[in-house]
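Undergrad: Work out the full structure: start from the sequences and follow the hints.
Sequence order for the protein chains is P, U and B.
Under our numbering, the very last position in the first sequence is 629; numbers go up by exactly one each time.
Under our numbering, the very last position in the second sequence is 69; numbers go up by exactly one each time.
Under our numbering, the very last position in the third sequence is 499; numbers go up by exactly one each time.
Quick caveat, the hints were computed from the structure, so don't treat them as lab data.
Every residue gets a Cβ at the ideal spot worked out from N, C-alpha and C, and that includes glycine.
There's no promise every hint is true.
Unchecked claim - Taking beta-carbon pairs under 7 Å as the criterion, some of the chain P residues facing chain U (in silico):
{"id": "1", "residue": "Val323"}
{"id": "2", "residue": "Thr515"}
{"id": "3", "residue": "Ala526"}
{"id": "4", "residue": "Ala531"}
{"id": "5", "residue": "Phe578"}
{"id": "6", "residue": "Thr580"}
{"id": "7", "residue": "His584"}
Unchecked claim - If you want the footprint, here are the derived chain B segments under chain P, 3+ residues with CB under 8 Å:
{"id": "8", "stretch": "90–104"}
{"id": "9", "stretch": "211–225"}
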Amino acid sequence: MIDGLNPALILIGGSLLALLAPQGRARNLFMLALPVLGALQLWGLPYGEYARIELFDLTLTTLRLDGLSFAFALVFHIAALLAIIYAWRLDDPVQQVAGLLYPGAAVGAVLAGDLVTLFICWELAAVSSVFLIWARRTQRAYHAGMRYLLAQIGSGVLLLAGVIVHLRATGSITFEHLGLDSPGGWLIFIAFGIKAAFPLLHNWLQDAYPEATVTGTVLLSAFTTKMAIYALARGFAGTESLITIGTLMAMFPIFYAVIENDLRRVLAYSMNNQLGFMVVGVGIGTPLGLDGAVAHAFADILFKALLFMSMGAVLLRAGTVNGSELGGLYKSMPLTAGLCMVGAASISAFPLFSAFVTKSLILEAAAREGHWVSFLFLLFASAGVFHHAGIKIPFFAFFAHDSGIRCEEAPRNMLVAMGLAAALCVGIGVFPEALYAILPYPIAFDPYTTTHVVTQLQLLAWSALAFSVLVRTGIYPPELRSVNLDFDWGYRKLMPVVATGVWGAVSRGWEAFNTAVEHLVKRLIAGLARHHGQYGVLATTWPTGSMVLWAVVLLGACLIFYYL
Amino acid sequence: MDQFFYGLVGICIVLLLGDLLYHKHATFSFESWFGFFAWYGFICCVALVLLAKQMRKVVKRDEDYYGD
Amino acid sequence: MTEHLPVLQVVVPLIAAPLCALLRPGRAVWLLAMVTCALCLLIAALLLDRVLAQGVISYAMGGWPAPWGIEYRVDAANAYMLLIVAAIGAVVMAFARTVVEQRIRLPASKQPWFYATYLLCLTGLLGMIVTGDAFNVFVFLEISSLSSYVLISIGRDRRALTAAYQYLIMGTIGATFILIGIGFLYVMTGTLNMADLAARLPAVADTRTVRAAFAFLTIGISLKLALFPLHLWLPNAYAYAPSAVTAFLAATATKVAIYVLLRFFFTIFGAQFSFGTMRLDAILLPLALAGIFSASVVAIFQTNVKRMLAYSSVAQIGYMILGISLVSVTGLTAAISHLFNHALMKGTLFMALGCVSFRIGAVSLDRMAGVGRIMPWTMGAFVIGGLSLIGVPMTAGFVSKWYLILGALERGWWPVALLVLFTSLLAVVYIWRVVETAYFQPAPEGRATTGEAPLALLVPTWTLALANLYFGLDTSLNAGVARRAAEALLGVGP
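TA: Right, here's the structure in full:
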């Protein structure tokens with residue numbers, strides 16, 4: 066443990082050094098060591114504020130460790146570690162560097178004690194993560210990455226604007242509770258909201274995550290959105306509107322998840338839904354609610370990573386993750402199937418699995434505060450999660466009708482990574498006290514009461530029954546190759562169509578205007594080039610005499626000016 | 002598959018009847034209704050699927066709808 | 006010993022220069038020059054440290070007290086300048102050995118003369134800064150100018166000779182104007198000591214002679230610092246000089262001229278007279294803006310990257326003059342801070358180009374295609390220098406741009422602030438052209454696939470490149486000391 070060293074710097078610095086290590090085992094081992102060292106550093110640091118930097122008149126607190134930031138930073142290190150093991154055989158320096166830089170930026174963001182450092186990490190995370198999408202190296206991924214980057218940078222710009230407003234009004238950049246009423250509060254709230262994928266601001270997530278590389282999606286699923294949950298918990302805990310937003314967030318994606326065919330996109334929708342639970346927890350704002358949000362974020366990173374890893378393995382081996390083309394894979398990939406089902410059980414909150422002990426904190430907090438509408442909707446959403454993530458994912462990928470695909474089991478490194486994640490999921494479910502101990506607020510909560518276990522099993526079993534009945538009666542909608550319109554339709558279709566319409570309507574006038582402008586610009590550039598271009602008067606070598614003439618002219622002008 | 006289904010039905014019924022055997026700790030009154038979580042889960046899932054099916058009529062488009 | 010630091014600053018390189026010329030050609034010459042430069046840097050650092058701790062240091066030459074003898078006077082402003090010049094002098098000297106041995110038109114037997122001339126140039130530059138005597142400024146100006154003409158003329162390109170000749174003519178005119186100005190002042194006041202001049206000038210300020218002196222000094226100094234449109238000697242001189250010389254001169258010579266401008270117009274004439282009565286800002290501001298814009302656009306069209314950077318230097322000088330013509334603590338801080346930051350970024354860029362030309366023998370855009378793949382470290386340093394030049398946050402260049410925009414906004418000059426931002430975009434364009442060529446274009450036919458530049462070149466280049474990043478984060482020197490210097494010049498500080 067080095068006193069005051071920011072663990073984020075270990076990952077960020079290491080990401081560049083990693084390229085110096087020879088490709089192969091040496092680099093892999095080096096990369097593996099980084100999150101381990103970072104976690105040890107994190108573990109060794111006592112709570113407090115470190116590494117203050119003076120930047121102009123501002124004092125940046127680049128490292129603040131307390132209960133809230135510790136839990137997030139710790140799970141980020143675990144996620145980075147899992148991703149590195151999962152990507153052991155990957156031979157792509159772009160993804161390797163991005164795979165360290167991006168977690169590093171996320172760790173830096175949750176450890177940032179001030180808004181400026183937060184902003185810098187926020188943008189670094191945005192820029193480094195897009196390479197995980199582009200690394201797929203397809204046209205489709207390029208466009209999706211571009212849209213993703215726009216959303217992320219847009220969030221960063223809003224954050225910066227909010228920070229500036231806040232700084233001017235309060236003179237402080239400390240990142241503490243802000244609330245909507247604080248100056249710039251709304252701007253910062255929306256900036257966080259974009260990254261947390263609030264309803265209507267969510268499309269970048271479902272759009273981009275499924276287009277990333279096999280390992281890229283695993284990484285993406287862990288950091289950006291959880292970073293936003295952390296920021297909301299820090300800045301907007303107890304903001305009433307978050308309960309409504311979170312409830313909506315938990316509800317609407319489950320409908321899309323039922324009819325979506327790309328199983329990684331199903332997971333992206335289900336991620337949106339899980340984030341909804343956390344947002345509700347933050348919105349309730351009681352110690353129990355916040356603890357629930359943090360604990361659920363912790364658990365979610367692990368089981369979502371596990372699910373994305375299993376779907377990544379399917380994509381790698383079978384070449385597709387479309388539900389309509391898969392089925393019967395349990396024969397070829399029995400271990401992956403088993404691990405995927407551990408993830409499915411975890412996200413569905415089966416007793417003895419992780420979400421059971423974390424999601425219940427949020428539901429309990431909602432119940433104690435008397436939010437019965439939200440409570441009912443969250444229960445609905447819980448049944449929905451089980452339905453699409455718990456049953457649909459494993460069912461269509463590994464069981465259902467036999468698609469005839471025969472492939473190899475996932476590579477060993479992937480199985481190791483999934484195994485570790487699965488072990489953590491079960492570990493949290495069986496020993497919840499270990500997780501509860503690192504939460505920001507001390508709680509006395511026992512998830513394993515008879516009532517809780519039985520009611521949860523009832524909910525899950527009857528949901529499964531509903532699924533079976535619907536499938537047997539043929540009512541269940543078949544998996545179809547399709548695109549389902551979401552709000553991104555607005556900017557991906559409506560805006561272009563409207564733009565084209567408007568374009569057509571005014572095209573003649575526009576063209577005339579256009580030609581005129583073009584003509585002007587051409588003349589401007591030609592003029593600039595004439596004077597400034599390589600052989601332009603301002604750029605050529607002048608005769609010495611002319612230079613002297615200039616000096617004399619100016620001297621004369623000066624003399625006249627001064628004498629006047 | 003049939004065995005699975007009937008096994009599941011059996012489990013469901015056992016769990017439902019389990020409600021009779023212990024005292025439920027409920028925050029809201031509706032929680033203590035008999036088998037609330039069971040039938041709520043069932044109805045929700047059926048509603049979810051039926052609604053999603055209707056939604057498909059509105060939102061489903063061809064796979065290369067966005068043309069990329 | 007330490008009380009003699011101000012004079013040692015000049016005497017050490019002055020004595021080392023002829024020693025270099027006398028030594029037998031070989032490594033020893035370079036080593037002597039290198040040690041001298043390192044000593045100068047050490048002395049400058051000690052001086053800055055003492056000035057910051059104790060305030061102004063006054064040193065009487067030969068024990069003759071001012072105003073009869075020559076006074077060396079070191080305050081925050083010139084201690085800071087000494088550090089810049091000495092630091093660049095040392096880093097470039099480390100870079101120069103390989104260049105001198107292999108890349109300039111000098112037979113091995115003549116190479117000691119290069120080091121001698123280099124040290125003389127350094128002597129002149131340091132002397133101009135450290136002295137508190139107006140005539141002494143002229144003497145050191147001539148020493149540095151004459152030696153820099155020689156340094157430029159030994160470039161491999163034949164055009165170096167014409168460039169040096171033009172620089173000689175223009176430089177001499179500038180120096181002459183300065184001398185005329187100083188002469189007029191002497192006639193009116195009977196003194197050459199700066200502090201003394203400042204005390205006596207107000208009594209005679211309203212005379213034609215003093216005004217003429219002011220005009221001659223304005224133009225003379227503007228010629229030396231290459232203010233638009235008196236910059237015409239600069240692009241060729243920088244483009245055709247050996248890369249080590251370009252790096253050294255670009256990072257120091259014009260900066261020292263700007264320092265002289267500050268000294269004359271703020272210390273001797275006083276800000277009230279220069280800007281209140283004479284409205285110097287009315288001349289400097291439009292020329293600065295025109296220079297920033299025009300030179301940036303010209304840079305975009307250049308195909309010789311070295312010449313492109315030379316034009317960019319003209320634009321950057323415009324930024325400094327712009328900061329000065331704001332006549333506020335923030336504006337001056339921006340200008341003084343940019344002296345430092347620009348020395349770092351241009352030093353990096355020209356040295357990186359020196360590495361490129363060392364390996365592929367040319368620095369034109371078409372020959373540099375694909376060079377980023379064969380010389381990753383060199384181009385890495387270039388990119389860092391370029392980012393700093395653009396003024397990206399977390400680089401040194403950002404610091405001065407930040408203060409410049411702040412200063413403009415303080416005065417309520419929105420359009421000026423916008424122009425600064427807009428011209429930063431022009432810098433993005435010309436830097437991007439190089440980056441795009443170096444990284445994304447295939448190597449031209451027939452270029453030998455040589456490797457990365459030798460370490461002897463890379464280490465100094467990267468030293469400056471990393472300094473760009475370091476001083477982008479730790480702004481205590483390039484903003485903190487700059488502010489103190491600005492306050493001292495405006496007479497508002499402690």
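Undergrad: Each hint: holds or not?
TA: So, going through the hints one by one against the coordinates:
Interface hint status for Val323/P: upheld, as the beta-carbon distance to the closest one in chain U is roughly 4 Å, under 7 Å. For the restraint placing Thr515/P at the interface with chain U, the shortest Cβ-Cβ distance is roughly 5 Å, inside the 7 Å limit, so the hint holds. Against a cut-off of 7 Å between C-beta atoms, the interface hint on Ala526/P holds, since the closest Cβ of chain U lies about 5 Å away. With its C-beta approaching chain U no nearer than about 4 Å, Ala531/P sits inside the 7 Å limit, and its interface hint holds.
About 29 Å separates the beta-carbon of Phe578/P from the nearest beta-carbon of chain U, more than 7 Å, and the hint is not met. Below 7 Å, beta-carbon pairs count as interface contacts, and Thr580/P has none with chain U, the closest being about 29 Å; its hint is therefore violated. The closest approach between the C-beta of His584/P and any C-beta of chain U is roughly 33 Å, which is over the 7 Å cut-off, so the hint fails. Counting residues of the stretch 90–104 of chain B whose CB lies closer than 8 Å to any CB of chain P gives 0, which falls below the minimum of 3, so the coverage claim is violated.
Restraint check on the stretch 211–225 of chain B versus chain P: 8 residues with Cβ-Cβ distances below 8 Å, three needed, restraint holds.
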